[in-house]
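Engineer: Next come the chains, spelled out residue by residue.
There are 2 protein chains.
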Amino acid sequence: MTDWVYIFGGGKAEGTARDRDRLGGKGANLAEMARLGLPVPPGFTIASDVCRHYYANGRLLPDTLEREVEGALDALERLTGKTFGGETEPLLVSVRSGSRESMPGMLDTVLNLGLNDRSVEALAQSSGNPAFAYDSYRRFIQMYASVVMGLDPSLFEDIIVRVKKRCGAARDGDLTAEHWGAVIAEYKTAIADEYGEEFPQDPEEQLWGAIRAVLGSWMNPRAVTFRALHNIPESWGTAVTVQSMVFGNMGEGSATGVAFTRDPATGDDGLYGEYLPNAQGEDVVSGMRTPHPLTRTQVNGSGLVPMEDSMPVTFQELREYAKRLENHFREMQDIEFTVEAGKLWLLQTRDGKRSARAAIRIAVAMAEKGLIAKTEALRRIDPASLEQLLHPAISPDVERVVIGRGLPASPGAATGEIVFTSEEAEQLRASGRKSILVRPETSPEDIHGMHAAEGILTTHGGTTSHAAVVARGMGKPCISGAGSMRINAEKGVLVTGGRTLKSGDVITVDGTSGEVLLGALPTVQPELSGDFATLMEWADEIRRMKVRANAETPEDAITARGFGAEGIGLCRTERMFNDEERIRALRLFILADSVEERDRILESMQVMQKADFLELFEIMRGLPVTIRMFDPPLHEFLPRPGRETEQFAEAVGMDPERIRQKAEDLHEINPMLGNRGVRLAVCYPEFVDMQARAIFQAVLEAGEKTGEKVVPEIMVPLVAYEREFKFVKDRIDVVAAAVMEEWDAKIEYLVGTMIELPRAAIRADRIAESSEFFSFGTNDLTQSTFGISRDDAGLYLNEYLRKGVIDRDPFITIDVEGVGEFMQMAAERGQSTRPDITLGICGEHGGDPASIAFCETIGLHYVSCSPYRVPIARLAAAQATLAMRAP
Amino acid sequence: MTDWVYIFGGGKAEGTARDRDRLGGKGANLAEMARLGLPVPPGFTIASDVCRHYYANGRLLPDTLEREVEGALDALERLTGKTFGGETEPLLVSVRSGSRESMPGMLDTVLNLGLNDRSVEALAQSSGNPAFAYDSYRRFIQMYASVVMGLDPSLFEDIIVRVKKRCGAARDGDLTAEHWGAVIAEYKTAIADEYGEEFPQDPEEQLWGAIRAVLGSWMNPRAVTFRALHNIPESWGTAVTVQSMVFGNMGEGSATGVAFTRDPATGDDGLYGEYLPNAQGEDVVSGMRTPHPLTRTQVNGSGLVPMEDSMPVTFQELREYAKRLENHFREMQDIEFTVEAGKLWLLQTRDGKRSARAAIRIAVAMAEKGLIAKTEALRRIDPASLEQLLHPAISPDVERVVIGRGLPASPGAATGEIVFTSEEAEQLRASGRKSILVRPETSPEDIHGMHAAEGILTTHGGTTSHAAVVARGMGKPCISGAGSMRINAEKGVLVTGGRTLKSGDVITVDGTSGEVLLGALPTVQPELSGDFATLMEWADEIRRMKVRANAETPEDAITARGFGAEGIGLCRTERMFNDEERIRALRLFILADSVEERDRILESMQVMQKADFLELFEIMRGLPVTIRMFDPPLHEFLPRPGRETEQFAEAVGMDPERIRQKAEDLHEINPMLGNRGVRLAVCYPEFVDMQARAIFQAVLEAGEKTGEKVVPEIMVPLVAYEREFKFVKDRIDVVAAAVMEEWDAKIEYLVGTMIELPRAAIRADRIAESSEFFSFGTNDLTQSTFGISRDDAGLYLNEYLRKGVIDRDPFITIDVEGVGEFMQMAAERGQSTRPDITLGICGEHGGDPASIAFCETIGLHYVSCSPYRVPIARLAAAQATLAMRAP
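These protein sequences, in sequence, are chains A and B.
Just so you know, we're using numbering that gives the first Met the number 0 here: the first sequence kicks off at 0 and counts up by one.
Just so you know, we're using numbering that gives the first Met the number 0 here: the second sequence kicks off at 0 and counts up by one.
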């Protein structure tokens, strides 16, 4: 081993798989395979340190590199018995890039290097196949001219077309060695004309040109962009692997292919892949020929001959190597191989890409076999990928006609007729038809329509807009902010890219991708048992944080329990006012003139609310339930101006002017910053009393019915001042005392607050003096920390992402530097005055894996998320626990 | 001196004026006067510690108090030669409250205590005036029954009315001793009936009853409310002063009155006040008799006889005592006195209330005389009181018909015809008539109307709403949030308390009090020279912080300089787009379809903006000018839907549908959290370029014209991310470099940011790496810290104040515990990476004295406020400097 160059081959190697950082993924794994005694064409890898040196020193190579490479070439000649530039057994090599992380297709490669006017003759003789030899030579020239010399590839395509025409050949394969000779002659002329220099005949010169080209490609624009997108540091650099060539296109006994150690779609154990007889790797990639399956199982009536039958001995050898590699790397492998005149060579192995389903199956199977630890199995699954498994998806094979795009606001797929109002959605549902609710944006008024529709499409709003949040809560697909689509409500049409769709036209929304598709598309349903369930069990054994769900309807609570939620972390009581009777009561409350009228309405509401809470407590059977007091501004619940107001006024026998007047009184320019949360509670304390009484009565009834003790966690939202929290808590305590006296029973309960304003974070020590728990409302905390409305942010946040001003949307992943500092501050300050305070999160971030990892670092006790994200959160929480254990 | 009781009288006293905390203001000053040898009726004060003890121990008095009070009564008997409960020379006492701060009329008082069925006879004999003695007794019974026994005072009024009717007496004075005897008999019967116990004859019992009643009154509801309103802690408690009675109603040689050592309205030196011959203090207060002036100067043609003439000797004595007291306390005094049968007694002295004008005159006069230091003169003036002097005020003597009330949003008074639209305001102005603009709320569209009107009245919005902020900036009176008044725009009327006013009716708005008044009322103009100017000079010598003004128009800049501003701290460039031509250009920019169209409009805007900046720079002549880049959301500038849109569309020849579409695209649910400030700059960087270029060109032109170097401070608003600031700063730097090259000239300039979001505060260290100054935008910082919209907060913040959840409106005075912590954090973090960073404040709080005091504690370099508040800020800054010097 020298400073810069690492040799492998002949059962030995100077590096191992652990040298990935220096040798790149490809080089490290080739070294490892050589050590394992697997048939790897010998070669050497120039470490990525050279790349760093190259860019740190004005594109100069290290002084000693040339000597080291010469030494490595000598070793290669010894190992292969061939000579670089030799006239009898010429050593030909490939020169490839190899970074620490795969950057497929981004960096350059040169094959067949070492050929020149003389060695091509030698290759023709040694292979006994002159056409192959000349074809190889012209391929090399073409690749070298484009990669190293930077010439336009079309130059060469034109020449081939001309020659084929001249000699009446239909396909490349029809060309003879002589034809190729003519092509080569024209190539060389073209190069001399365009580049001003002859094509180099000296293999050493060729080699250094190729090495410099591969290093140079590290900074090409598409590589720079790719790294930016995938957070790969520029400083990593690329290694360069020089490897002796083997040929899968030397005739009948030759082939090339790709093998997975397991089925990448299903995770089923056993070799899986494809191959092409008599072909080079690029032929497989180019798609000009249809590859054959590797195994009989794969044939599946296609009539193609599998390698298992056409090359049974080599196939068994490949199968054995594949098994060894998988066992060695303890991971499903993706192997490139070539058969050169009956001899099997392995060119590359790496961890195989796979579907979410396969990933789980493989990880679980390997852990059960003892190949990897359960913790390793957990680490290997991307929690976000579970999303695919939890919702219906569009069948992968159908054709998709994309008519619009928006934000993937709530995953899953659904088909239905376009409706533009919630009323139409309900009418269609009543007549057994399916609909997609299409609106500029949604409001609480639309909840019934969202319930009735199969999916939601909005032209405004971000991934945390009302539509998005509610749809995720319902587990319905939603696309938000489809800005290129326009609703013309008057005409009742949706205009998109020149196409005009009307009410009743059928579309499919793919909330996972954000695509709006024409027509009805078939979907596949999720499956959650088996390996998935096993993985979840393991996650539950490991994780420290509990996982609760945001739920208020019985359906949501049942879904949440089904997905393994350990309680309700957020019951938004205002959503309990969505049905017609409730919203009517609420409106009458808002419009009431006298205290007596209000009291009468509150009494009727209390009966409804008690029934709501009782049902939730019964479903949750003693698990914690956090109930948030009524939160949104009241004006959201008044009928909309115009027809809706008039209808309501008529229904209740009220002067519509009174409603209009009230709406004007309650109008707010910035409702998000308006009379909400604890402010409502201070202004209308009798409403708090009503809700508290309903909760406490339900606690006692549920206790009697289920035999499980219920300890409700009553949550006051939007607190900024310690005194406003205390004001509301005092009311709740008074109600509790009264109910306990009336029922002659004891009730345990907690009263706590949300931390969703910067002031609450900074005053958390004082607030915790009376608040028994904190739940981070990170949606609002993000809004107030940034002064951003999540409903309106889509437009400029996208511009920020586009211009590189921000790396990620703070509404999706917690902004650790800002919002995160507030969370940490609040946690620490809260614990300073109440060491046993319970800390949780109930914002949308509670279901985001990166955010969950952050929550673990500040010691939250639980995360709460929408029911459909509970499994994701369970896995992410387990990974977060593991991450904290790591050194 | 014992533990709880402090005796005074006979030229000696156990306490001094410095014992205010224990003895209350009244008790401490009585002790001081006794020590000075002034004629004070002897007495003793029960310290406020007793009040604290009383409430901390379930309303029990300290064990040793009874013995101490007995000792003090003995001393009193010795000093007066009278006997408590005695049958010949009865000692009568008053029992009064006395807190550290004056709480006028809030706590209880009992006079003439010690009278009973026997001592009243003695008093009748010793005074030689039985009617006086019996009247005093019945007054005592009546007061005691109401204050100590809690009986309804009307009970006693009824009896007097009956007796007067029975004996045919028209006035109380017509009743004889016998009549009063009959009244007393009926009183006693009524008390026995109502209270169930006889009226106590034992003076000791009377005394303890009165002491307990005074202590008890500390917690009566009106006292609790008063303390809440004036931030007086409950823990202070009240002292109780028991003092021997003197009588001003003993006949012709007797009188009672109040004397100020200077004229409280003007501050002119010399005795000023009023008195009533043959009367008790309550007669002066009740207003049943018209008091006479003290001095000849005061007579002013009223025909009343001044004390100077009616009791010349006593008057001279009073004048001498008054001068001694003023010199002793080094403050203008407000003295209560009684003349009992020719003998002058001083009953109380305290610092006198005075008008703002008088306060300045007195402080300056005293400092110039060397009675107090200049710093003390500065400390004595409430900066907020200067407001009265800086704006026209309604003449104090006219009758006010209040037809509505709102928030005092911008001080001053103005009269005009009601107009409901900005257009009408302009029309009236054009025809030389004055108007008051009445609107639900105002928007940037109304600026021209606000300019044209004399004053503004809105029915919505708080003291920091658009209307309020803009009006203060213009120095026009404004009342906001007059919620009891309703605008019916359709009918063109303003409805208030049953009264309906229409367009053209004349009203007067008093922006200082928040009162809406019927008709035209005369006003008095401000005067800013003389003592005022002297005081300002002294303030300027002392203060550390600079004072700048928020100004963008030439008029404002000139006003600001006139008031002593040392620069512009906030030039809101969006306000430069208010005139018709500008707003039209801005609209066309927003509506432009192509880059070319935009560029063309920007070019024309640049010409206008350059002229704006040039004018400002010329007025400010080298003083610093902070220019804020365009801040509000663009949709605020589009024409309003309906008629305005159609008119605009027609004027520019555009399809109104295009405007409607744009308005929909730009619509924001929460504009305060929307696409504003730096976000606009990132989305429309060409607009930043235009503004930057206009600034730099104006800098060079102004430099040439005035010969003063201009160093503009360019400010980027609403920054949350360090990278978004950097993005904009880079653009500005590029423009600067280009202008410098084109002109071949050097420009010095600063680029900085506002700190108005919690995230900016927490990331201030990183932001300061590229930001050369910080200006705290405390309006927005308060909004985002609390999650409160200042436009909508009025309603519930008032509820919060009413319910005692908060002590003060955070939009008026900086919330030190929350917003203040962010400011301190930002200042410290900013200085950690840029030690010489300039720190200022440009929010509304920059003109609030309490907030200015806070700014001094965190070391800001300047405050900036509206031009009309500059003098207030100068004085407040001086006081803040002094406060930091204090031990």
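It is worth saying that the hints were derived from the structure and are not from the lab.
Small disclaimer: the values here were computed from a predicted structure and weren't measured.
Heads up, some of the hints might be wrong.
One copy or two, either will do: identical chains are not told apart, so a pair holds if it fits within one copy or between any two.
[What the hints assert, rightly or not] As a list, the in silico DSS-like pairs of lysine-lysine whose alpha-carbon atoms are at most 25 Å apart:
hint, residue 1, residue 2
1, K609, K322
2, K725, K745
3, K661, K501
Engineer: For each hint, tell me whether it holds in the structure or not.
Structural biologist: So, going through the hints one by one against the coordinates:
Neither within a single protomer nor between protomers do K609 and K322 lie at most 25 Å apart by alpha-carbon distance, with minima of 61 Å and 74 Å respectively. With identical chains, the CA atoms of K725 and K745 are at most 25 Å apart within one copy only, with a shortest distance of 22 Å there and 59 Å across copies. For a Cα distance limit of 25 Å, the shortest separation of K661 from K501 across copies, 23 Å, qualifies, whereas the shortest one inside one copy, 36 Å, does not.
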